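A.B. asks: Sequence:
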Amino acid sequence: MTVAIPSLRDWLYREPPRLEAIWLILGKGPSFSRLANLDQAGETSNMLRFGLNHVVRETRIDVFHCIDIEVVAHCGDAILANAGIAVLPWAPHVRRRLLPISGYREFLPSGLSLADYARRNPVLRSLAAQGRLYWYNLRTAPHRLRRTEAPITPAQGFSASAAVHLLGEAGVRRIRTLGIDGGAAYAGGFSDLADKTLLTADQDSFDSQFTSIAETIQQHGLDLAPLNGPTPPTVQIIAAADEQLPARVRAHAIETRASLSLRWEPIAPPDAHPHGNIRLPAHCLIREDARWLGNCTGADLDALTAAGRVWCWRPGQQAPWRSIHAQGVRAWCAELIDAVARGRLDRAEVAAAIAAGHARPSLLAQIDHGIRDPLLLPRRLRGKDGEQLAPKPRDLLIARGRALAEALRWPVYRSYGRLILDKLPKVLAGIGR
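When we follow my numbering, the leftmost residue of the sequence shown carries the number 866, and every step to the right adds one.
No lab work stands behind these hints, which were simulated from the structure alone.
From a predicted model like this one, the values you see are computed outputs, not experimental measurements.
Careful: at least some of the hints might be erroneous.
Said to hold, decoys possible - Straight-line C-alpha distance at most 20 Å; calculated SDA-like pairs for lysine to any residue: (1) Lys1249 x Gly1222; (2) Lys1257 x Leu1241; (3) Lys1257 x Pro1243; (4) Lys1249 x Asp1233; (5) Lys1257 x Ala1217.
Can you make the complete structure from the sequences, with help from the hints?
C.D. replies: This is the structure in C-alpha cells:
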C-alpha cells in the first residue's frame, strides 16, 4: 500500500491567508490554563491554532504537531476529532534506552519514515487517507530519511522551537504563544502526564527551547510574543548623553537573545520612570533572554553580577568602551563587533562617539579587524587611547591563549584549551609570587 503524504509547506502555501494569519502556538505549560478565559473574551477568535503534543486533548486546533510517535498512541482519538491536520517529522522519534543496562532514556529517530508508520498505525493511516497528514524534515533525521523537497528544520530539545521555525520559514510573521513558559511544570489539565512525559529525557527544564526560538525570531523577523503579555514589550535603556554607544550595544545584546519580539527606546536618567515593560541601564551588559529580565535594577543587578551573568560599570569605574582594562571588556567588544557586522550599528556611529570623547579610538581597529579582545591589538593601536597603564604580560598571555583555544576547531583541543585557560591565571599568579 502506497501512502501519499504531502509536506506542511504545501498545506501552508495552498491558501495565502494561512501565511497572513496570526498563529497561536499552544503548549502544555502553566499559562495554558488561561485559554478558556481568553477564548471566552474573544482574544483568540482571529488566530489559527498550532497545538503541540497532548494539547489536542483539551481544545480544537488547526494543526496538531508532535515529534515523538508515542504521542499519537496517547492521543489518537483526540487527533482525529480535534485536529484539522497532523504534522510530524518524516523521521519521527521513539523513546529509546541508550544502554541496555541503563535506565536513562532518550527520544531519537526510529529509523522508520512517517509513511512506514502510516501503514502500521490506524490513526495515521486514517489521517493520510483523509488528506490530513503532513510531514517536514527534522534535523535529527538520518540522511537516508531526509527529503529534498523541503528545508531542514532545527529543534532544540522540544517541539515548540520546531513549530516556530516551521511557521517562520514558510513565511508566517505574526505568532503568539500560550503554554510555552519554560520552567518544569505543566498546566493542571495535564497533571496526569507529570510522571509520563514531563522532562522524561533527563532535561532540567523547558528553558533550552528559547535559545532556538530567539535565533528564529532574528532569522525571519518574527513578531512573536506570549499571548498573555504586551505585544511587543518595550525595553527602555536608561542612557546619559555620553552613553548612547553602550545603549546601542546593550540593545543589540538584548534583541539577539530575546525569545520574544521587542522594541527598545533610549531614555535619559531623569525620565527613568516605570512606563515601559522592562527598564535597563546602558552601563550594564546582560547577555540573558529578555523574557526573564523584568525590571533589572538595583538589587536585581547586584544579584546577577554576583552570579556572573552580568557586567556592570558603576560611575567612576573603567568601562570597556573607554578602557581596554575594564572588567568584561572582551564580552562587550564581542557584542559591539557583532552589532556592526549584522548592520544594527553603523561604524560611523562608533566613530562619532570617539570624536565626541565618549569612547576610545582603538574600538575602530577592533571592528575593522574583528578583534574581540583589545589586548590583542598591536601596541601602536592601543597607544591611540592614551592610557598610561600598559597591559601586564600575564594578561597578554591569557588573551593570546584564549584566542588560540577558540581558533582550534576539534572538540578535544577546545576542551583542553578551556582547561588550560581555567588553570593558567592561577599558575601565573604562583610564578609571580
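A.B. asks: Determine for every hint whether it applies to the structure shown.
C.D. replies: Hints and how they fare:
A distance of roughly 13 Å separates the Cα atoms of Lys1249 and Gly1222; the hinted pair therefore holds under the 20 Å criterion. At most 20 Å may separate the alpha-carbon atoms for a hinted pair to count; Lys1257 and Leu1241 meet this at roughly 12 Å. With a C-alpha separation of about 14 Å, the suggested pairing of Lys1257 with Pro1243 holds against the 20 Å cut-off. With a CA separation close to 15 Å, the supplied pair Lys1249 and Asp1233 stays within the 20 Å bound.
Under the criterion of a C-alpha separation no larger than 20 Å, the hint pairing Lys1257 with Ala1217 is inconsistent with the structure, at around 30 Å.
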